[in-house]
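Put chain V on the given structure of chain E with help from the hints.
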Amino acid sequence: MTEQAPSRLPEPRIAPSVEPSTNSHLQITDVTKNFGSQAVLKGVNLSVAKGGTTAIVGPSGSGKTTLLRLIAGFEHPATGSISLNGIKVAGDGVWLPAHKRHVGYVAQDGALFPHLTVGQNVAFGLDPAKLAGGRRAVAGRISELLEMVSLDPAMAKRRPHQLSGGQQQRVALARALAREPELMLLDEPFSALDAGLRVATRRAVAKVLNEAGVTTILVTHDQAEALSFADQVAVMRGGKLAQIGNPFVVYTRPADRATAEFLGDAVILDAWMEGSLATCSLGGIPVRRPPSQGRVQLMLRPEQIRIAEDGPIRGVVVDTDYFGPETTVRLKLAVPPELADGIDHRYPGGGEVITIRHWNASIARPGMELCLRVVGEAVAFPMDD
Amino acid sequence: MTSDLSAPPYAGSTTTAGRGKRPRPPFGVSTVSILAVIIALFSLIPLGYVVYMTAATGWDTAVELIFRPRVGELLLNTVLLMLITVPLCIFLGVGGAWLVERTRLSGHRIWAVLLAAPLAIPAFVNSYAWVSAVPSLEGLGSGVLIATLSYFPLVYIPAAATLSRLDPAIEQSAAALGLGNWRVFFRVVLPQLRIAMTGGALLVALHLLAEYGAFAMIRFDTFTTAIMIQFQSTFNGTAGNMLASVLVFFCLILLVVEVRGRGSARYARIGSGAQAKALRLPLHVYQVPAQLALLALTALAFGLPLFLVLRWVAAGGPAIWAAHEFLPALLATLGYGLAGAVVTTVVAFPMAFLAVRHPSWFSKSLELSNYVTSSLPGIVVGLAFVTVSIRVVPGIYQSTGVLVAAYVLLFLPRALVNLRAGLAQAPKELDEAAQALGKPPLQSFIRVTLRLTAPAAAGGAALVFLAIANELTATLLLSPNGTRTLATEFWSKSSEIDYAGAAPYALLMILLSAPMTYLLFQQSKKVAGQ
Chain E
293 MTEQAPSRLP EPRIAPSVEP STNSHLQITD VTKNFGSQAV LKGVNLSVAK GGTTAIVGPS
353 GSGKTTLLRL IAGFEHPATG SISLNGIKVA GDGVWLPAHK RHVGYVAQDG ALFPHLTVGQ
413 NVAFGLDPAK LAGGRRAVAG RISELLEMVS LDPAMAKRRP HQLSGGQQQR VALARALARE
473 PELMLLDEPF SALDAGLRVA TRRAVAKVLN EAGVTTILVT HDQAEALSFA DQVAVMRGGK
533 LAQIGNPFVV YTRPADRATA EFLGDAVILD AWMEGSLATC SLGGIPVRRP PSQGRVQLML
593 RPEQIRIAED GPIRGVVVDT DYFGPETTVR LKLAVPPELA DGIDHRYPGG GEVITIRHWN
653 ASIARPGMEL CLRVVGEAVA FPMDD
Chain V
84 MTSDLSAPPY AGSTTTAGRG KRPRPPFGVS TVSILAVIIA LFSLIPLGYV VYMTAATGWD
144 TAVELIFRPR VGELLLNTVL LMLITVPLCI FLGVGGAWLV ERTRLSGHRI WAVLLAAPLA
204 IPAFVNSYAW VSAVPSLEGL GSGVLIATLS YFPLVYIPAA ATLSRLDPAI EQSAAALGLG
264 NWRVFFRVVL PQLRIAMTGG ALLVALHLLA EYGAFAMIRF DTFTTAIMIQ FQSTFNGTAG
324 NMLASVLVFF CLILLVVEVR GRGSARYARI GSGAQAKALR LPLHVYQVPA QLALLALTAL
384 AFGLPLFLVL RWVAAGGPAI WAAHEFLPAL LATLGYGLAG AVVTTVVAFP MAFLAVRHPS
444 WFSKSLELSN YVTSSLPGIV VGLAFVTVSI RVVPGIYQST GVLVAAYVLL FLPRALVNLR
504 AGLAQAPKEL DEAAQALGKP PLQSFIRVTL RLTAPAAAGG AALVFLAIAN ELTATLLLSP
564 NGTRTLATEF WSKSSEIDYA GAAPYALLMI LLSAPMTYLL FQQSKKVAGQ
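Residue numbers (the working numbering), protein chains in the order written: chain E, 293 to 677; chain V, 84 to 613.
Hints in this document: simulated from the structure, not taken from any laboratory.
Backbone N, C-alpha and C define an ideal beta-carbon position, used for all residues, glycine too.
Computed spacing ranges between beta-carbons, pair by pair:
no., chain 1, residue 1, chain 2, residue 2, range
1, E, D613, V, Y454, 50 to 56 Å
2, E, S520, V, H191, 51 to 57 Å
3, V, R534, E, P617, 44 to 50 Å
4, E, P583, V, L451, 57 to 63 Å
5, E, A516, V, Y601, 48 to 54 Å
6, V, L262, E, A653, 41 to 47 Å
Pulled from the structure, derived: some chain V residues nowhere near chain E, Cβ distances all over 10 Å:
no., residue
7, L130
8, R187
9, A200
10, P251
11, T281
12, V371
13, L378
14, V396
Extracted from the complex, chain V is given alone in its bound form:
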């Protein structure tokens, strides 16, 4: 230590520090809270729209519009679709995950990726591929087929992640208590998959409610397809709004059911010490049937659609790659994706910061409002923005800003989850250490917290970007006149039965989705361990 410390560096600073100044983080908690509240209020626009429209319609008209045969028909279709598809997805997802993670399945590493791969094919592209091969596909059966093949990875991914991280000591304890392999699976392993199964099932059900393109293509009517038809024919008609109310009601019920189904038991590993490697059961004579079953599943869900898309690309020849059509759609998609990703990440930051650094009922309720909104179908968010922009600020209807705002609401949780994980890697102690080393709060925040959060923020932004690139419903409703994206262009061509013309757009969307699927797969493995 040198002696020049005899004149303390703070000797003259006390007066300049300001009397009565409170210590504050770089962005005062109050500022962050205000921003988070504004964002939460903004995210409640779609829900507010539904409530307002229902109230404005009047009780009698609402009853008349809701309790009619057409709504009963849609209700039956939607309920049947969910009742068949969700259990099928759970069966395929959990079964696949168990084979891959807990048995001595040959090539389990490759199967682990292949079973997640169907997620890279947007459901409406999957539907297009099947319809182009079998034009007679339509109705509930076809809806179940396409939805199951498109969405079972939503159960598989969290189930596989949970299985790979479950503490084998629990299974060993059960075996030591006299339970055989199968009883261990049903009594110990399966109950621990409850969160993964209910979470995955909720995602499948929400996708079934929200999906437009896939079901429209096979002429299977759900609430979402009916709302779109109403919107296209009557533009903001009362009947469409009432259908949206029923759809939102459905979503809210699903959210409640999922929370109830999740239960309150603790599923994380308890205790310290290193975790042993997961146990794998020998398949013996079941090795070949297991391989064949997985082969059939991945062939139908991934191989066949990809093959059909490539066949249409080949059939179309060089003519379908006409740059004047193709490039504007690609550039528009990249532009919207980039803008949406950046805005969503920035908007998610205050909420993530509050949730990690100042967790409370307040931050939880703010977060909840975003999760509720993002679980609403794109068509409801789209309709809400159409209505609000026309009635409140007519100048912004069909502007880029409104479309990006809708993307923000739809995909905010993707950025939020990543940012939260990133901020958790940058505890406030590091910020404080930087301040104790003489760096002012803002500089500490930028050099430490922001720097450490950046990779996770980039990961979240990438997920948002790729989700926007494949978004169809809200884009159809809100994109500025004349704007064409990969999804809308694909939709317009496939609607005109120009399967070859639609193929390049389908292929590009699959290529864009592949990294997203991989990111989700990796991310879920990390989350399952926390």
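Next comes chain E alone, as it looks inside the complex:
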């Protein structure tokens, strides 16, 4: 095990922003949407830069798909507005229907037309009259698009049901790219695929869209997918955007406890904040921009807690779960020795059960005592968060 000195987290690559910018491709302002008496979107603001990739992530029912459908033009916002390239397409009495928005859309299951061949699907949105070379050019364009999504052009003659799930999604992407949209909307396009295929298809799709320079919005409930796919992640909860920012930032510095827990495993500990140092069962941990002083809740990611060869912070192994590449270890924390004599009782130190991760399954057995250390900064939330 290599010991590393605690280091500060790197600066985010892109500053989180919801402010309209001159480079904004899509601008959503104060959008609300109701279905009957149920408010699905409660005032959403989002700005997406040209050529950027944004993932809207949230639990089921958070309103993320509704937001995507509003952008596509399948739904009408109750209030607020949506602009594409600075031109209002919905809201304030303006309405541009879906077929005039020139936005690419890939549905969850691809939504390939079952009565058409792969080639006919790809060519569906093409107008031969507008292509130089007419119908012959359409065939060339189909081959070009299929190659772009790493499919054999010979597949053009097949029917959708003769393709695997991953191939169907690639055809759906090729079909959407055929009209050269500036904005591509992906509605959980990888969720129906099994794990191995999902990663491969996601990489392929990201590569194609990146090379084409298309502004992309991905809706997903899969946190890992959102973090790996996009350069901007928008976390949705209860019809509102809880946080928008670069994936690293939203993962390591979530805005609140719910966002922290939604985006991945989180170790939450009661702590005492003084200046920029929080004291808890894991000792003193630096916190950037603490929200308050005194009692707070501290959030660390499991991978920030490492097993050390020696040290004052200790925990007893409760149980372990072996997952192959890593083992999660549940530990009951001991009271730090400097606090054990009862000098400071301002926080309930010791006794919490936390989860950490380690690659070596044999390092921990139930009942063993391990020494721990923390890497990086923690995030503090007010006690009532």
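Relative to chain E, chain V alone:
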């Protein structure tokens, strides 16, 4: 991506798109709803007629006409007919289905089709065949015989479809819990057939109430035959109308009983993963008795009537195929069948669209009104149209339009069920995908939704067409003067004991019904899996 996107194609379109325009489907939901409401109201005409006529007759007269010995006699006949025939049909239908689908019956694939085949012989043709061979047939016993042989496939088809799609894992679980083969069948399999049995039994009972020709031929009086006699003698008389009220009351009771009997338990397969193949029990020493029983059943229900019809065709010789008599009836049947099929399919579309794309209590109640009407006997629908057309729009009485309208009401569910299945194959996401690809809503609808629904719509239209080709009661009441169809011509000849003359019409109706039976058989297998 090319760079010509710098000038977005929608840049100039915003103003032309119209301010404040709402997104709307090609046929706005409100338009579809209005059409569906109009159709539902139209379909309630027969029920409204019965209610109106009962109210107009006055309480005292109604009581006098309903509570009399003749009605008691008809009531007894009808109730006895149902009490004997329905259980017999359930026994034969479920028994046959179990043998075919769940045992190692030799030739089970052939038996599967042969047991559905009797449905290809209209009940009145079946009755004709039996009477032509045994002229002394009459009364309740004969009624039960002919009705059972004609209608047991109505239970067999859904039961077989359900058995073939039941998850064998449930039976395996029961066996693992220590239940033997027979106990598994009675405690696990049979309860799962509840929907198929109650649904099939309802259909049998409704057919028993509605059937005219088959019972008239063997001189067995039911409400329907009595109403027809009243109509022919007094034309729209109060007594006939009161009998129709009692008949409608019967139908409504049956519908309620069926809903109650169906229960609320879930019978569909739960969980994911591939379904295992159905288990088949060895018959051992019962193989031969089972084969003989099925042989006897199919021989009586299908083989004998077909043989008798063919014998009369042969006996009649070339003379019975006189084109001047035969062709007009065939052409009229094809014409009515085609017109009825097209109109019914078009009329069913708004209702199916609402039910699939916008399911709600509203769409369900609209659908229900159609199902109630279509469960009414053809004679009630016929009488309602006779009365309404004479009193409200006298010019249209006995016109083609009124007859087609009656066909629409009688057979709407056949088109509706198919259209619903077809529309379910064309989810709105496909429409939206087409719109996102630049196609306007109407074009998306035509190129995607309509195109994907077309095969199912055609299947539904075929079923309606074939049902019209065999319809007798409403056709007798409503067809324009001088019009002859295969069914009416067959009826007129067989009523005159011209069995040979009626035979070609019977044969043609059987030939037309064969594909309908096959379609129903295939369709029920698909539905059972959903």
